[in-house]
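Please build the complex by placing chains B and C on the supplied structure of chain A, with the hints as guidance.
Residue numbers (the numbering used here), protein chains in the order written: chain A, 1 to 466; chain B, 1 to 466; chain C, 1 to 466.
Simulated from the structure, these hints should not be mistaken for lab results.
Heads up, some of the hints might be wrong.
Pairs count within a copy or across copies, as identical chains cannot be separated in the list.
[What the hints assert, rightly or not] Simulated crosslink set (SDA-like; lysine to any residue; CA at most 20 Å straight-line):
| hint | residue 1 | residue 2 |
| --- | --- | --- |
| 1 | K322 | N309 |
| 2 | K461 | H102 |
| 3 | K322 | R12 |
| 4 | K322 | P347 |
| 5 | K322 | R70 |
| 6 | K322 | R342 |
| 7 | K461 | D194 |
| 8 | K322 | S59 |
| 9 | K322 | P78 |
| 10 | K322 | G271 |
| 11 | K322 | F307 |
| 12 | K322 | G240 |
| 13 | K461 | A237 |
| 14 | K461 | Q75 |
| 15 | K461 | R342 |
| 16 | K322 | T184 |
| 17 | K322 | G76 |
| 18 | K322 | T131 |
| 19 | K322 | N345 |
| 20 | K322 | L60 |
| 21 | K461 | P249 |
| 22 | K322 | L226 |
| 23 | K322 | D51 |
| 24 | K322 | D412 |
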Amino acid sequence: MTAAPLRLHPDRLFPADPDTRVVARRLYAEVAGLPIVSPHGHTDPRWFAEDAPFGDASSLLLQPDHYVFRMLYSQGVPLEAIGIGAPVDPRAAWRVLADHYHLFRGTPSRLWLDWVFHSVFGLDVRLAPETADLTFDSINEQLARPEFRPRALFDRFNIELLATTESPLDPLDHHAAIRASGWTGRVITAFRPDPVVDPDFEGFAANLDRLGAMTGEDVGSYAGYLAALRARRAAFAAAGATSTDHGHPTAATADLDRGEAERLYAQVRGGGATAEQAELFRAHMLTVMAEMSIDDGLVMQIHPGSFRNHNADLFRRFGRDKGADIPTRTDFVRALRPLLGRFGNDPRLSLILFTLDESAYARELAPLAGHYPALKLGPAWWFHDSPEGMRRFRRQTTETAGFHNLVGFNDDTRAFLSIPARHDVARRIDCGYLAELVVEHQLDEDEAADLAVDLTYRLVKSAYRL
Amino acid sequence: MTAAPLRLHPDRLFPADPDTRVVARRLYAEVAGLPIVSPHGHTDPRWFAEDAPFGDASSLLLQPDHYVFRMLYSQGVPLEAIGIGAPVDPRAAWRVLADHYHLFRGTPSRLWLDWVFHSVFGLDVRLAPETADLTFDSINEQLARPEFRPRALFDRFNIELLATTESPLDPLDHHAAIRASGWTGRVITAFRPDPVVDPDFEGFAANLDRLGAMTGEDVGSYAGYLAALRARRAAFAAAGATSTDHGHPTAATADLDRGEAERLYAQVRGGGATAEQAELFRAHMLTVMAEMSIDDGLVMQIHPGSFRNHNADLFRRFGRDKGADIPTRTDFVRALRPLLGRFGNDPRLSLILFTLDESAYARELAPLAGHYPALKLGPAWWFHDSPEGMRRFRRQTTETAGFHNLVGFNDDTRAFLSIPARHDVARRIDCGYLAELVVEHQLDEDEAADLAVDLTYRLVKSAYRL
Amino acid sequence: MTAAPLRLHPDRLFPADPDTRVVARRLYAEVAGLPIVSPHGHTDPRWFAEDAPFGDASSLLLQPDHYVFRMLYSQGVPLEAIGIGAPVDPRAAWRVLADHYHLFRGTPSRLWLDWVFHSVFGLDVRLAPETADLTFDSINEQLARPEFRPRALFDRFNIELLATTESPLDPLDHHAAIRASGWTGRVITAFRPDPVVDPDFEGFAANLDRLGAMTGEDVGSYAGYLAALRARRAAFAAAGATSTDHGHPTAATADLDRGEAERLYAQVRGGGATAEQAELFRAHMLTVMAEMSIDDGLVMQIHPGSFRNHNADLFRRFGRDKGADIPTRTDFVRALRPLLGRFGNDPRLSLILFTLDESAYARELAPLAGHYPALKLGPAWWFHDSPEGMRRFRRQTTETAGFHNLVGFNDDTRAFLSIPARHDVARRIDCGYLAELVVEHQLDEDEAADLAVDLTYRLVKSAYRL
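In isolation and in its complexed conformation, chain A is listed as follows (with noise of 0.2 Å):
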């Protein structure tokens, strides 16, 4: 059999009408080139202070992308056959994604593999159980050339800034030794405080000890506990955040009293927490976050509604992160409304709302970033990181939040050499949206170029403060 060529259309994911498609090419024209701005991710801060060449395609492209091996995992395959806790030979591992590579079909993961083997490694032929070594062979041997370390395909990616994920507990060594290293790659961290926040997150009480022993706390008490994030959250502006992140499986937000909070803290802090008092906690805790935000500027972004590590047993033998995360059903309508009630007037906060439930985008969401000044909706998360999924939230959100109440585009992921294929869908469907626009004769032209720079570029630096 012939291997099939891999193409990378000059027009892929425009509309198809040819006058709208028109339109698009030229919005598209003038962002494809724009720096990209990555403020939310969690790629590993150690490739950039180290600069260590990465090792072979399965375990750079493959075993890290839970999008990937959950499909491949749907359809049968253990993950132990492509190395998920178990050793693997990485050619066998290779072998098995070119085997099952048809699954993709229609969905984002194809679309960004298709880039990276494209446009990175250079690949012409489409992967195929006849040429998985043909692309393993190519792609290994160019992960070891100098010109594919981590610092120079960021360079080469025409990265402007990029930031990580780190939880209050992480010493934050590597951005250290990045800024100390005289590379001038911006990578920065960002606080994602819930091992210290979510009495349900795995060693909580250890956590608050580490937390209590870095900052020399108290967490004993409220006010030590308070202090120890405070430090913390300075810590990290030091070292460049801009933003804080919360992981909550729901939107729920409180505003207890001091006493309240005080006894909710020694209930949760003593272990003996019940699931209400632990979601009370962590409700309580995101108005504290805000405050805290309003003091030192950090701008802050939460992601709530999914259930984590949904099938019990897979979590047993592999852990977290293994593709089991399903959303649920969100509301943001009464959950925000403690910590609004509080900050949701105050121009100094910026919060940025996310969610998995595109059932709220038109009902809720978009008609509160709408209307608090200090409410932001984040663009189309996670599964729905997709073609369709970001015309959907286009289609949801702009009518009544605009385009201004957004955040511009995430990547939000650990894949790094998939990063600018992901800016690209963004940047491709969102000028074809404006161009639909143009062409029914809602914008002018001018307008929609305008907005196209906005969405790209502009958008995300001044809501993330960059």
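Leaving out everything else, chains B and C in the frame of chain A:
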């Protein structure tokens, strides 16, 4: 900087595909000139009673429009800066709007305002900082002329009928004055009893007292309360009303027996009702209103699911209707069953449902309206009264409910000058949708043309018994 | 008045964009002639056992079709007028349909009926008041001919396999007669145990007694009950069944221990179960059915979320299935976890999920099916088995679940003559969707052509183990 031109393209809002656009144009040509029938809205009957000139551009187009000022507020503009809650120079307020007009790109407010600027006032430059004074002066100069008075615009707009909405406590003097004036414009009222039916309404107890005083009924008893409501419904019907409207937080209905209803009324009348009792009373009263509708023939509308005055601080400072009403998830299937169990099969009842929760369109509302003889669906409402919102409405309701269980368009607005723009958007979107069905060969064009007239003119007249 | 022509355009339901339409045509040409595989439906096996002529047009096409008569009823047509609950002259009933045929514009019923009129009966005039008698007479005349008997139509329709659905209490005599007849058409049954698994089913206690009598098992004990279910499953499998089907009000599952299950069974068997106990029993039995499926290999289907017989008065007067079943909001993430915790990772289980709550497509179902090896998604169901419904399904599931966690098309109908029309609509919509992916350069056309065959033929055969 040169001012950008303001144009209204004749093909605006039609689908981009050329074949579809040609059909949409033909369909639109048949309905573009039909008179406006506006069965539900919030214009002020005083305008038509007194026929005084409207004031300046800011007080007419900016300060009363919560779609507009909520967007400004969301981007940090204090309400006082545009004259809400504080006096302001109207020109300064207008400049604030002009400075922020780019925020409305992609929103229906932009479509409506541009139409008003161009079609009502003949402006041919886009609103922008550099055209603020020019547009302000031009609009004000024109508003002073006789042909811009309310009745002249009513005639120019080709309005066949316009319904306002009043409380049962309204003496309907303006409507009486309109009828007594000899002017032939048809302006009718609609009966909105929330102030005397919702125990959580501000001043509920005093409202009941006034209701008793107006009608001479003893509202100390449930029987007297019902008699008073019947009397006011009769007075509204005599003033031309053909409908009632009910703006409850949920769609809950109940069907209490007489004894329960009397006890519950005593409770809410006395002011000691719990939140649950208040909800049950509202729920019960919807069924009572349906029963009265069967007697007096008034069409019944339910507009549920808005969380009113979500921003408590803003409500304290500025009061109601300041852009802080947020939609909530709304159940219809269980909620409406008590009412439908009593009257759902009675073709004498015409009950029109609206929703802010679009997830209910295909799941609940179209199946309900496609079965119960008494039920019809109102058009896309409020935040969803927009091009994409209307498209979602059509795509998610037609296949199950058809076109004849719908009621045509409502503008639902207090922004009188924008009424033709709103109806025009609806006609364009509907013709575009029908054109798609023609081009996909689901309908023949003669059928689409017939439906275009139904959606524009015939359905609203039959559904509202006009 | 001249009758309007009835035509079926060869491009119907393809996207309007000319380039996309060309690709859709090519893809469709490859699958239009593939045999029909219908793994889930509600035709009457008696038709194929006895092969008697169908009756008249009204009794064949109108009275059994709840999609059709619910629309008529919603617009004030009494069910008695079309022969439901009262005898009627079939011609008079047909004239009622003809008089109201405009109500079906834009609905899938219109597509299906027009196909039947034109492709099965060769009619070339649109149904309308003036063609009522002509169409009625023509259809009846043709139905009397041998080539319109059930088996002849089955062959003409190119049906490779047709599954009916029966209760465990059905003796499966018609299926036995079909097999004994020597006719080669493959008509199989499916096991739908709701009457003996759902304590709220009419006649549940008597149904259990009959179950015991049929199987010789002692259904007084839980063990005997399970043995009886196993025996009937075995009988169904022997009659060709490859699947079970479960029509519960929710998707709740539970996994009780043996003692709890025995106590709960005693409760529901005795008739004294509360609503919560009935729900828990249904929930538990889904997990039991999954366990039995792992043993006997029957594919399991869950069709949750219909509020049955919502119109109580209509139910009292006319009974079940009168167009008054209404979808409800349905949770899957928490509901399915007990069952998935037991069997979700077991590739021997094939569990196919359906929903009437489209908000779950992208949020819950695609993420679940894109992870659990045992899960697959059934196609757009019931009210959503329509052009727009199918498009929403594809756009909201593909990017997360891919195509291979789906199961192809189900017609799910008792309207035998419309089966080819329904499959044809699905093929056209799918080819249009795939063509869009090609024209947007997300897929190469060879891949789309391969997927078209998957969606039409291969996936259904593998998912249902046919």
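Evaluated hints:
1. When the C-alpha separation of K322 and N309 is checked against a cutoff of 20 Å, the pair qualifies only within one copy, where the shortest distance is 8 Å, while the shortest distance between copies is 42 Å.
2. In the homo-oligomer, the alpha carbons of K461 and H102 lie at most 20 Å apart only across protomers (18 Å), although the nearest pairing inside one protomer, at 38 Å, exceeds that limit.
3. In this assembly of identical chains, the alpha carbons of K322 and R12 never lie at most 20 Å apart, being 31 Å within a copy and 43 Å across copies at closest.
4. Taking CA atoms no more than 20 Å apart as the test, K322 paired with P347 passes between copies only; the shortest distance there is 18 Å, against 39 Å inside one copy.
5. With identical chains, the CA atoms of K322 and R70 are at most 20 Å apart within one copy only, with a shortest distance of 7 Å there and 42 Å across copies.
6. For the identical chains of this complex, K322 and R342 are inter-copy neighbours only, at 18 Å across copies versus 37 Å inside a copy, given an alpha-carbon limit of 20 Å.
7. In this assembly of identical chains, the alpha carbons of K461 and D194 never lie at most 20 Å apart, being 25 Å within a copy and 46 Å across copies at closest.
8. For a Cα distance limit of 20 Å, the shortest separation of K322 from S59 inside one copy, 15 Å, qualifies, whereas the shortest one across copies, 55 Å, does not.
9. When the C-alpha separation of K322 and P78 is checked against a cutoff of 20 Å, the pair qualifies only within one copy, where the shortest distance is 12 Å, while the shortest distance between copies is 47 Å.
10. Taking identical chains as interchangeable, the C-alpha atoms of K322 and G271 are never at most 20 Å apart, the minima being 27 Å within one chain and 45 Å between chains.
11. In this assembly of identical chains, K322 and F307 lie within 20 Å of each other by CA distance solely inside one copy; the values are 13 Å within and 36 Å between copies.
12. Taking the shortest alpha-carbon separations for K322 and G240, neither the intra-copy value of 30 Å nor the inter-copy value of 39 Å comes in at or below 20 Å.
13. In this homomeric assembly, K461 and A237 come within 20 Å of each other (Cα to Cα) only inside a single copy, at 16 Å, whereas the closest approach across copies is 58 Å.
14. For the identical chains of this complex, K461 and Q75 are inter-copy neighbours only, at 16 Å across copies versus 41 Å inside a copy, given an alpha-carbon limit of 20 Å.
15. Taking the closest pair of Cα atoms, K461 and R342 never come within 20 Å of each other, the shortest separation being 26 Å inside a single copy and 47 Å across copies.
16. Taking the shortest alpha-carbon separations for K322 and T184, neither the intra-copy value of 34 Å nor the inter-copy value of 48 Å comes in at or below 20 Å.
17. Only within a single protomer do K322 and G76 lie at most 20 Å apart by alpha-carbon distance; the minimum there is 15 Å, versus 42 Å between protomers.
18. Proximity of K322 and T131 under a CA criterion of 20 Å is satisfied in neither setting, with 27 Å inside one chain copy and 57 Å between copies.
19. Taking the shortest Cα distances, K322 and N345 sit within 20 Å of each other only across copies (13 Å), while inside one copy they are farther apart (39 Å).
20. Proximity of K322 to L60 under the C-alpha cut-off of 20 Å is restricted to the intra-copy arrangement: shortest distance 16 Å within a copy versus 52 Å between copies.
21. For the identical chains of this complex, K461 and P249 are neighbours neither inside a copy (28 Å) nor across copies (39 Å), given an alpha-carbon limit of 20 Å.
22. In the homo-oligomer, the alpha carbons of K322 and L226 never lie at most 20 Å apart, since the shortest distance is 33 Å inside one protomer and 36 Å across protomers.
23. Taking the shortest alpha-carbon separations for K322 and D51, neither the intra-copy value of 27 Å nor the inter-copy value of 54 Å comes in at or below 20 Å.
24. Taking CA atoms no more than 20 Å apart as the test, K322 paired with D412 passes inside one copy only; the shortest distance there is 16 Å, against 36 Å between copies.
The structure does not agree with the numbered hints 3, 7, 10, 12, 15, 16, 18, 21, 22 and 23 stated previously, though it agrees with the rest.
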